[in-house]
Amino acid sequence: MANVIEMSGVAKTYQHFSLDHIDLTLPAGEIMGLVGVNGAGKSTTLRILMGLIAQDSGSVRVLGHALPDEQVAAKRDIGFASEDMRLYRHKDLQWHMGFMQSFFPTWDQSYAKHLAAKFDLALDQNLKGFSHGQRVKASLLLLLARRPGLLILDEPTTGLDPVARSEVIEELAEVLTDENRSVLFSSHNTHDVEQLSDTLTFLHDGRVLASENIEDFLDKWRCVRCKGDLAEGDLLPPNVAEMRRSGSLVNLKVDNFGEPSLQMLRDKGLEVVEVMRMTLEEIFIANVKRGRLQ
Amino acid sequence: MTTDLVTVKKLVLKDWDLHQKIIAGYIGLGILGLAILGYPHVWAFYMGCVILMTVMISAGFHAINVTIIGEKKEQTTPFIMSLPVRPFEYALAKIVANLVIFLVPWTAIVVGIVFLTLTTHIPDGILQFFLVMCVLLVMNYSLVLTITLVSESEGWSIFFMVIVNIAVNPFIMLTLRNPEFNQHMESDTFYWSDDATVMMSVMLVATVLFIVAGALRQSRRQTFI
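In the order they appear, the protein sequences are chains R and S.
Position 33 (the first sequence) corresponds to 33 in full-length UniProt numbering; numbering is contiguous.
Position 88 (the second sequence) corresponds to 88 in full-length UniProt numbering; numbering is contiguous.
Each hint should be verified, as a subset may be incorrect.
[Claimed, not checked] Within a straight-line C-alpha distance of at most 27 angstroms, the following computed DSSO-like cross-link-like pairs (lysine-lysine) qualify: (1) S/K21 with R/K128; (2) S/K10 with R/K227; (3) S/K73 with R/K128; (4) S/K14 with R/K227; (5) S/K10 with R/K91; (6) R/K128 with S/K10; (7) R/K118 with R/K91; (8) R/K128 with R/K113; (9) S/K10 with R/K113; (10) S/K73 with R/K91; (11) S/K72 with R/K128; (12) R/K268 with R/K289; (13) S/K9 with R/K227; (14) R/K118 with S/K73; (15) S/K10 with S/K73.
[As the list claims (entries may be wrong)] Pairwise CB distance ranges (calculated): (16) R/N38 with S/L174: 51 to 59 angstroms; (17) R/D120 with S/L216: 46 to 54 angstroms; (18) R/G129 with S/G155: 26 to 34 angstroms; (19) R/G39 with S/M173: 50 to 58 angstroms.
It is worth saying that the hints were derived from the structure and are not from the lab.
The model shown is predicted, which means the values in this text are computed figures rather than measured ones.
Glycine residues also receive a C-beta, built at the ideal position from the N, C-alpha and C atoms.
Chain R with its partners taken away, still in its complex shape (with noise of 0.2 angstroms):
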């Protein structure tokens, strides 16, 4: 299967910031969310990949295309939508619609009005007029309706009250059953990404700490409840990401989790008491404070 996003050794920096050699690859027909908290270098990265900005060392690669020399050609099967960006606030829906379409040759009218009415729109409303959420949805109506093979998506739920954020959702489940689209998308809300991604990249201060299936992550993490006398300080596994003493218990957070870790926890001389498995948010969490330590 093809890649359509090749990100390699890319180095972005600014005065307080650096994005720290990254390297990603998001095969066609996938979807990969990209987590991290504010700051972690999100926006820039998909920022990179639209060819907004240009990395500084490194090579980016989308839909075959190097960036941001080929931008124009990447940018015709991209839809990009983010959270800063915005729209012509004195003019309305149906104005933006038909300057997209000036643009698009493949711009699917029935679907941005059939979006449109989902999405509870007025087209002949200016902008200024709509709310965050009606802005966002219009954000998505007008890449959704060019019906891009590529959809790379700047936190397209933040802000969103809980209705505005199921619809947006429901919508972007509907658009990913097309097994020919790709899509990039951040957010630092761990739950959107779990509705709808096959793959997980963590990304934390400019670095990719991990990027695997989701279904990888669940089973390769586990919350581990000990009973015994480990102090703070002492040795630990490296997979052990996180220790946390409550009582006469010890809470650990295994990545690569297997009989050998509890072997190794028993060599410690603790009781293994429970082991659960990890939520999503509780896996990124625990990457996020590895992260930092290293």
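Guided by the hints, dock chain S onto chain R, whose structure is given.
Frame of chain R, contents of chain S only:
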């Protein structure tokens, strides 16, 4: 790198569409200024001159402010740059759209000034001064346009707007001290001096140089965010 002029045209039309009301407003104010200028009283002449200069200066700076600074502040640039648009096409479209938005009211006012001067009580001899002043405003505008486009900074834009406007008064004084201008100001006969030709030529060349320099600088940009 090739430039797709169809894309540039679409972006220019977009800016034209977004700013039609502004253009119409300045043309309306220009017509008001011309009406006052044509009124046969000394106060009307001075008032008309001030209004017309203000309208021409404001039309240019307003265009720069809304199309370049405004687009950046309102975060619509990422929307445009997410379309299949090259950074140079965006920059070129901004230059062309700005020139159109400025030059449409400017041209209407200049045509009105020429018509009024040659057909009313206003002395025909002052026309060369009027035209030199109008071209000065084009040069000032092009400098601020280039600075704003290259720096994308509201601060630098305002700074240069102030500088070029401060320079207008000394320019008027120096021009009016020139005998080629002041000896013909109140003449009923149209007069065109070599000095006027030289001044206009220098200003028009400077205008072209400012714009070309700005376009060349932008042509090297790979991104526009």
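_Given pair status - R/K91, S/K73, alpha carbons within 27 angstroms_ = Cα-Cα ~17 angstroms, so holds.
*Are S/K72 and R/K128 close enough, with their CA atoms no more than 27 angstroms apart?*
Holds. S/K72 to R/K128 sits at ~17 angstroms (cutoff 27 angstroms).
*Taking 27 angstroms as the top limit, are the C-alpha atoms of R/K118 and S/K73 close enough?*
Roughly 31 angstroms separates the two Cα atoms, so the pair is violated.
*asked:* Can you tell me whether the CB distance of R/N38 to S/L174 sits inside 51 to 59 angstroms?
replied: 56 angstroms, holds
_Would the hint linking S/K10 and S/K73 be met if the CA-CA limit is 27 angstroms?_
With a Cα-Cα distance of about 22 angstroms, the restraint between S/K10 and S/K73 holds, given a limit of 27 angstroms.
_Proposed proximity, R/K113 with R/K128 (alpha carbon, max 27 angstroms)_ = 20 angstroms, holds
*Verify the proposed pairing of R/K128 with S/K10, using a straight-line Cα cut of 27 angstroms.*
Holds. R/K128 to S/K10 sits at ~23 angstroms (cutoff 27 angstroms).
*Hey, S/K10 versus R/K91, does the alpha-carbon distance stay inside 27 angstroms?*
16 angstroms, holds
*Assess, step by step, whether the Cα of R/K268 is no farther than 27 angstroms from the Cα of R/K289, and give holds or violated.*
23 angstroms, holds
*asked:* For a C-alpha distance cap of 27 angstroms, please report whether S/K14 and R/K227 respect it.
replied: Status violated; Cα separation ~68 angstroms.
*For the pair supplied as a hint, R/K118 and R/K91, is the alpha-carbon distance within the 27 angstroms limit?*
OK: R/K118 and R/K91 at ~21 angstroms, within 27 angstroms.
*Take a quick look at whether S/K10 and R/K113 sit within 27 angstroms of each other, Cα to Cα.*
23 angstroms, holds
Taken one by one, the earlier hints fail for this structure at numbers 2, 4, 13 and 14, listed in ascending order.
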